[in-house]
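A.B. asks: Listed in order, the protein sequences are those of chains R and C. Sequence positions in the first sequence follow the working numbering and run 401 to 748. Sequence positions in the second sequence follow the working numbering and run -5 to 390.
Careful, some of the hints might be misleading.
The calculated DSBU-like cross-link candidates involving lysine-lysine, where the alpha carbons are at most 35 Å apart (straight line), are [what the hints assert, rightly or not]:
#	chain 1	residue 1	chain 2	residue 2
1	R	K628	C	K146
2	R	K545	C	K146
3	R	K504	C	K334
Think of the hints as simulated: they come from the structure by calculation, not from any bench. These figures come from a predicted structure and were not determined experimentally.
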Amino acid sequence: MTSVATGIARKKKISLSELLLRISMFLVIGVITYWLGFNLVIDPRAFLQVSINGINNGLLYALIALGYTLVYGIIELINFAHGDLFMLCSVFSFAILTELFGAKAPGAKNFALLLVVLLLTMIFGAIVNVTIERVAYRRLRNAPKLAPLITAVGMSFVLQWIGLKWVGSVPVNVNTVLPATKYQFAGLEVAFKTFVIFAVTIPILILFVFIVNKTRRGRAMRATAQDKDASRLMGINVNQTISFTFAIAGAAAGAAGIMWAQTIGTVSYNLGFQLGLIAFTSAVLGGVGNLYGAVLGGLIVGLIQAYNDGLTVGPGQRWSQTMVFTILILLMVYRPGGLLGQSSQEKV
Amino acid sequence: MTKLQAAHHAVGVNNKKWAIGFSTVVGVIFLLNVFVLPNANTQVQRFFNAWFSLNSLAEIMIWILMALGLNIIVGYAGLLDLGYVAFWALGGYVAGWLMSPFLSQFQVDFFGNPRPGLEQGIHFNVFIVLILGGVFTAIWGIIIGGPTLRLKSDYLALVTLGFGEIIPQFMLNGSDIGGLNITNGAQGIGGLDQPKIFGYTIGTFDLPAKFLMVSLMAGAMIFFSIRLRDGRLGRAWLAIREDELAASMMGVPLWRTKFSSYAIGAVGGGIGGVGFAILIGGVYADRFNFVISIIILAMVVLGGMGNVWGVVVGATVLAWVNAVGLVQVGELINNTFGTKFNFPSYQFLLFGLLLVLMMLFRREGFLPEARMRMVMNEEKLEDVEKVTDDTKIGSH
């Protein structure tokens, strides 16, 4: 009898805590909606202006988040080194385009060089990422989960050190190839760089989504993600497929790196840590393992960060980092599966 | 099984030897610095100041405390925490709030030892501050761990990393929270009270006494770590670390056990934070960054996750290398060979490579427990037990 009674009591308790959780979730959403709505009403123009900046950054976040999501999808590893790979790519693009080729001002020839270096940076990112996988992660594929995670953190430090030795400890300003022209649309300022970001990132995003969803290689990737043994039995080269995934992820980071260097205009060795976390938050927000989710999450995080930094009534830039992590933590509490993903609670 | 019990028994016997060893080392260092070194000639003094200054040794004790706290989370319960620096910061600020003239809106003196002329603010006795620091960080451990411990382990790592960033940023921006100055921002809180222990006041430059104090704290942490590990809770942690499913089938309450490891592990960070604040006489927000979390993790990994004495050795070696070794050895090499390497700038490479190489080639650490070695090298069983391995992968 007593055991039955405690069983009922325990069940009731869980539903109460779940109720509280749900109420608090609606409270959080309500507060955010009120804050955004309030800003939209008092200064609609500023709100839209900030939104444009947000989408601008959000697209770059989406490119990096794609790499996290791809890698997590296939070997269930949070690749902590991915943010630093992005940093290394931005440094590489700076070294090649600005220093080696001397492209420091707008011009037709420099635009052509930009496209060439974009390709080079993507290849560089792919090679570095595949090397990291080959050297550090492959041996640990069957090890306890703690081991590859710690290795990824270690790799992140090694990459940071390379960046530190390459550009030094202070942020370096990049003389960008893109002109600083701004266009006026109905009272809103849109920089030329914004168009470039759209023109570069959106085709790349579509290309990668196409590769994963429509090609033979992509099908192999998805099969490997689901069940490595079964894929092996079906004749898929699992190691090669995983390497290919890392190559795509690295190429996306490379594209994001050069676009960051050219549009934001600075490179520094510790960029990767911060950006990596933002991008991972984006990936989780969208539902880790889901490509569209990564893009959606990147855009949302970019917007929220821009609203936080730029709105008339808001916490301001010094809380930028806190804001992003708060989103991450709230997500973990309320919807660990992300917006488009499935629940990721520990299953027995 | 008998082999394992024998190993366990051996650890129990070794603990007493280790305890004597630890006390001897601390005693020798203390006596050396109080009686021998002040009377030694300048060359000897200079050597010890450069390579084994009492200040750096006291800091090593703090690192040992921290590493043992993290060891409870990572080594015992197998949960990866990448934001341990948050607990260090929280503990430090507890000392800053309760032992300094900073919160001048209040005037409280509870067996405290305020400096003359600085009686405003809150002044608690150092023992009470240590206890409150532990309690406060435990509460924060619960706040951080509570909602996230149900998640997959790698998500937990990320959330802890998030808190490890948020809390120091809060401290850094905390000089103006709705008009209130809570943390004094980047300037930090200086001028902490000199702790008074049983009538003896430890002055600002009384390094031997400070060293003895933090050594006692580290010793207590070693003691509790060992006792906890052998107790009911500790065995539950180890069971969860090795196989969650099996542990829960045996009646170990998963969530509650993980939760307690997180809260108790946080206490180590909190007490260490208070100790460090007392050691340097203040608490400064810009010290608390991600690198610290990784260094503590590297200490736990190097020594051997889960093994108290391994972690102590790992913490000692890495803390010394980080504080003194990298600079001194670098200078020695540069002077000997006429090179001009900037050795401290290799810190990132050193700790990064250390983590990677340890995980690749010696996952269980340099002084592992017998159990941990088995856990970390589980994959090697696969060749022998192909059949069970197939079922294992299928169920993932």
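A.B. asks: Would you mind marking each hint as holding or not holding in the structure?
C.D. replies: Hint check:
As the CA atoms of K628 of chain R and K146 of chain C are separated by approximately 20 Å, the hinted pair is consistent with the 35 Å bound. For the given pair, K545 of chain R sits about 10 Å from K146 of chain C by alpha-carbon distance, which is consistent with the 35 Å threshold. As the CA atoms of K504 of chain R and K334 of chain C are separated by approximately 33 Å, the hinted pair is consistent with the 35 Å bound.
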